[in-house]
Structure formats: structure tokens, C-alpha cells
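Sequences and hints are given; from them, build the entire structure.
Residue numbers (the working numbering), protein chains in the order written: chain A, 1 to 206; chain B, 1 to 206.
Simulated from the structure, these hints should not be mistaken for lab results. Take these hints with a grain of salt, some might be off.
Distance condition first, Cα-Cα at most 25 Å in a straight line; then the derived SDA-like pairs of lysine to any residue [unchecked claim]: (1) A:33 x B:11; (2) B:33 x A:60; (3) A:57 x A:8; (4) A:128 x A:107; (5) A:128 x A:72; (6) A:33 x B:120; (7) A:33 x B:50; (8) B:33 x A:91; (9) A:201 x A:181; (10) A:33 x B:73.
Cβ-to-Cβ under 8 Å is the rule here; a few derived chain B residues that face chain A [what the hints assert, rightly or not]: (11) 6; (12) 48; (13) 53.
Small disclaimer: the values here were computed from a predicted structure and weren't measured. For each residue, glycine too, the CB sits at the ideal point set by N, CA and C.
Protein chains: 2
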Amino acid sequence: MKLDPIATLQLQLARLPGIGPRSAARLAFYIIKTSQAQGKNANLAEDLAQSLLDVQKEVRLCRECQNLCTEEYCSICRDPRRDQSTLCVVEAVPDMQALEKSGTFRGLYHVLHGVLAPLEGVGPEELKLEYLLDRTKNKSVEEVIIATNANVDGDATALYLASLLEPQELRITRLAMGVPLGSELEYLDSATLSRALLERKDMVNT
Amino acid sequence: MKLDPIATLQLQLARLPGIGPRSAARLAFYIIKTSQAQGKNANLAEDLAQSLLDVQKEVRLCRECQNLCTEEYCSICRDPRRDQSTLCVVEAVPDMQALEKSGTFRGLYHVLHGVLAPLEGVGPEELKLEYLLDRTKNKSVEEVIIATNANVDGDATALYLASLLEPQELRITRLAMGVPLGSELEYLDSATLSRALLERKDMVNT
Chain A
1 MKLDPIATLQ LQLARLPGIG PRSAARLAFY IIKTSQAQGK NANLAEDLAQ SLLDVQKEVR
61 LCRECQNLCT EEYCSICRDP RRDQSTLCVV EAVPDMQALE KSGTFRGLYH VLHGVLAPLE
121 GVGPEELKLE YLLDRTKNKS VEEVIIATNA NVDGDATALY LASLLEPQEL RITRLAMGVP
181 LGSELEYLDS ATLSRALLER KDMVNT
Chain B
1 MKLDPIATLQ LQLARLPGIG PRSAARLAFY IIKTSQAQGK NANLAEDLAQ SLLDVQKEVR
61 LCRECQNLCT EEYCSICRDP RRDQSTLCVV EAVPDMQALE KSGTFRGLYH VLHGVLAPLE
121 GVGPEELKLE YLLDRTKNKS VEEVIIATNA NVDGDATALY LASLLEPQEL RITRLAMGVP
181 LGSELEYLDS ATLSRALLER KDMVNT
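Right, here's the structure in full:
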């Protein structure tokens, strides 16, 4: 027997991360309410369904950097103005977008789509690291910036990557860690503060 | 030019209530990630899209009580064991589901699909109150329980409904207000406490 479509929608919405049964019910009723009404949101269910199907059908991984895109190569890899000598390794696409938004990096990316997490069964094979090594070997890459997250898994992955890349004659760097801009020391966690102290920078050349 | 499907999905998700641009981006990436992978969630995008389309196509309002259903009449109105003499008026379908879950009410419902809110342009016409009056006139209804929310709009709607229904010879009641079960007085708001005091009940018949 087919389930009630309202209950089905609630179940499907509850599969999304951070959406529990109550939120799913609220969202489902909102969707149904707008699709019953004639307002500007009346096409919400259809539009959302269509874009879900579009994403499923059209989005794939860039053959070069593993970014999400709809072509064979993503727009960054296709851009001839990007600096081909610097490769920034990130855990996931949102990280890459955050870096792009900063407007500071003009090189190319490499998306790992994950991070080493032995306890969850994610080892070097799952991250397809050979492919990254091939990229750094064959191309005109001079520097690899490791931009994994500043947590335990990100640290472990960064160290592992650095050891993998060491034999290749490359500059290997990692994002600076310290006090985030606009923050007040009073409210900062002690791990960040202690890192900022240890890695303090000279302000005057002596 | 067609927008990037990932950006489109993020925009569509952000149309849902309580989902801002950042949550929408997170959800979109989760959906894309699962649809790229081969795990148990790989069909999430498709399933969700299908259930959105199903809901849009199949769900309509019960001709009797305005509940959401897939048939002409909802399962409650079709149930001959329900008490036809009591009508419970609620603002919305989730309210009705909450009452059903309590297991105490065996009568029929009437869903207003809204509440009087003059400031937002919701007047008696928008709630189709004539239809409720027809129901209470023509049927064997003896009691109308007004179960609108215990807030300003719910109160105003309840008072308005009571005045509309007064000419018909009906018992008109409203849900009891007071201390919710399992709560501690120390943490209760003073409006609830003062209502509970004013409407205190005799424990011993004198």
C-alpha cells in the first residue's frame, strides 16, 4: 500500500541533515499550504522538485579539481587567468567557496571530498590521494596550500598530505592559524590564543 | 541564461521557512554529495522531488472539514464511529493532529486554515466562516469546541467565532487554560499562572 503523500514528504524531508521529524512536519505543511494557495509561492513544491532533479542530473565532478560543476571542467579550472602554479587543497566544496569569497587566492583548487578519519573508515584510498599526487607531479605546480579545517581530522590530513608531497620538490604551506579578525581576546578559546602566542609575528624587522 | 543548478537548488531551499541562505547551501551540498555517492541515501534528491510532486498533485482539502487529504472526504469525516455531534474548530492541520494524538477527542473537526489577523489583512471572509456556520446549522451538531491557539490572534478569533455562533442553540466551549502538565510553577510565565489562579477548580464538592 502506498503511504499517504503528506507523511511521505515528511519522511523525505527528515532525511536532510539537521531536520528532525518536527521540522520536517512544519516544512511539509508549509509546502502544502503554499501549493494550495494562489500566492507568489504557489509553485514552491514544483520548483524545488525540479531543481532537485536538475541537480541530480546535471551536477558532476570537475575532471581536474573535483569541484562540483555541470561541464567536464569547472569554471575555475577553465579560467586561463588563474595561477596554474599554486594548488589549494580543501576538504569540501563549501570550503573552496569560502576561500573564493575572500578574493585573495588566484590559483587552482583540489577538493578532497572528505578528510582522513580512521575511526569512520575514511583512509587515504577514499580520498583518492594518488590523483592529487599525479596533479602535483605532472603539472607546473610550485606550491601546494593545504587548507583543511583547523580541527583534529583536518590537522591529521594536513600532516599526512605534507608527508606524501614531501618527495616532490614543492613548497608546501598551510593556512595561518591565530586570532580571527574582529574577535576579542576575552572571548577567544585558549587553544586559539595559545597558538596565536606561539606563532606570534615580528612587527618590526630587527 | 539558465542559472547554475546548484545555485538554483540553494535558492529554492531558502524559500522554505526557517531556512536561510547558509542552511540552504548546507542542505544543497548534502543533497548533491549523497546523490554523487552510492550509499543508502543516493536516491534522496529523486525521492524528495517525487514526494514534492505527489503532494502537489494529490493533496487537497476535505470537502467537509477542510483537512488535508487525498480523497474527497478525509479519513476522520469518513469514519462513522466519530461523534457527529461535536465539532472542534482549529486554526491549522498540525493543531488537529496534535489533538488527535491526545486521543481524547472523538468528534469531527473544522480547520480554519488561518486566524483573524486584521493587521495582516486576514478578516472573517478569508477564513470562510460562512461555511462553518452552514455546517453547524445543517448538521446534528450540539457542541462547538473552539481550539484556536492561546495567543492574541487565537483569542480574538475565538471570541469572534463565539459571537457568530451564539444565535444558534449550541454549546460553545473553549479549551481549558492553565498550568501545563509536568511543568514546574517556578519556571512558568506569569500570564499562565495568573490565568490558572483565576480559573482554579474546586477539589472537594462543597
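Item checked: Pair hint outcome, residue 33 of chain B versus residue 60 of chain A [Cα-Cα no greater than 25 Å] -> Cα-Cα ~10 Å, so holds.
Check: For the pair supplied as a hint, residue 33 of chain A and residue 50 of chain B, is the alpha-carbon distance within the 25 Å limit?
Finding: holds (18 Å)
Notebook entry, point to check: Can the restraint linking residue 201 of chain A and residue 181 of chain A be considered satisfied, given a maximum Cα separation of 25 Å?
Noted result: holds (15 Å)
Notebook entry, point to check: With 8 Å as the cut and Cβ atoms as the points, is residue 6 of chain B at the interface with chain A?
Noted result: holds (6 Å)
Check: Does the structure keep residue 33 of chain B and residue 91 of chain A at a Cα separation of 25 Å or less?
Finding: holds (13 Å)
Next item on the list: Verify the proposed pairing of residue 33 of chain A with residue 11 of chain B, using a straight-line Cα cut of 25 Å.
Entry: holds (19 Å)
Next item on the list: Take a quick look at whether residue 57 of chain A and residue 8 of chain A sit within 25 Å of each other, Cα to Cα.
Entry: Between residue 57 of chain A and residue 8 of chain A the Cα gap is close to 23 Å, so the pair holds against 25 Å.
Check: Are the Cα atoms of residue 128 of chain A and residue 107 of chain A separated by 25 Å or less?
Finding: holds (21 Å)
Checklist line | Given hint residue 120 of chain B paired with residue 33 of chain A - CA-CA distance at most 25 Å | finding: Given that 25 Å is the threshold and the Cα spacing comes to 17 Å, the pair holds.
Margin query: Holds or violated: the hint that residue 53 of chain B contacts chain A, with Cβ atoms closer than 8 Å.
Written below: Since chain A brings a Cβ to about 5 Å from residue 53 of chain B, closer than 8 Å, the hint holds.
Note to self: Does residue 73 of chain B sit within 25 Å of residue 33 of chain A, going by the straight-line distance between their CA atoms?
What the structure shows: holds (18 Å)
Check: Regarding the pair residue 128 of chain A and residue 72 of chain A, is the alpha-carbon distance no greater than 25 Å?
Finding: holds (19 Å)
When the structure is compared with the earlier hints, no violation turns up for any of them.
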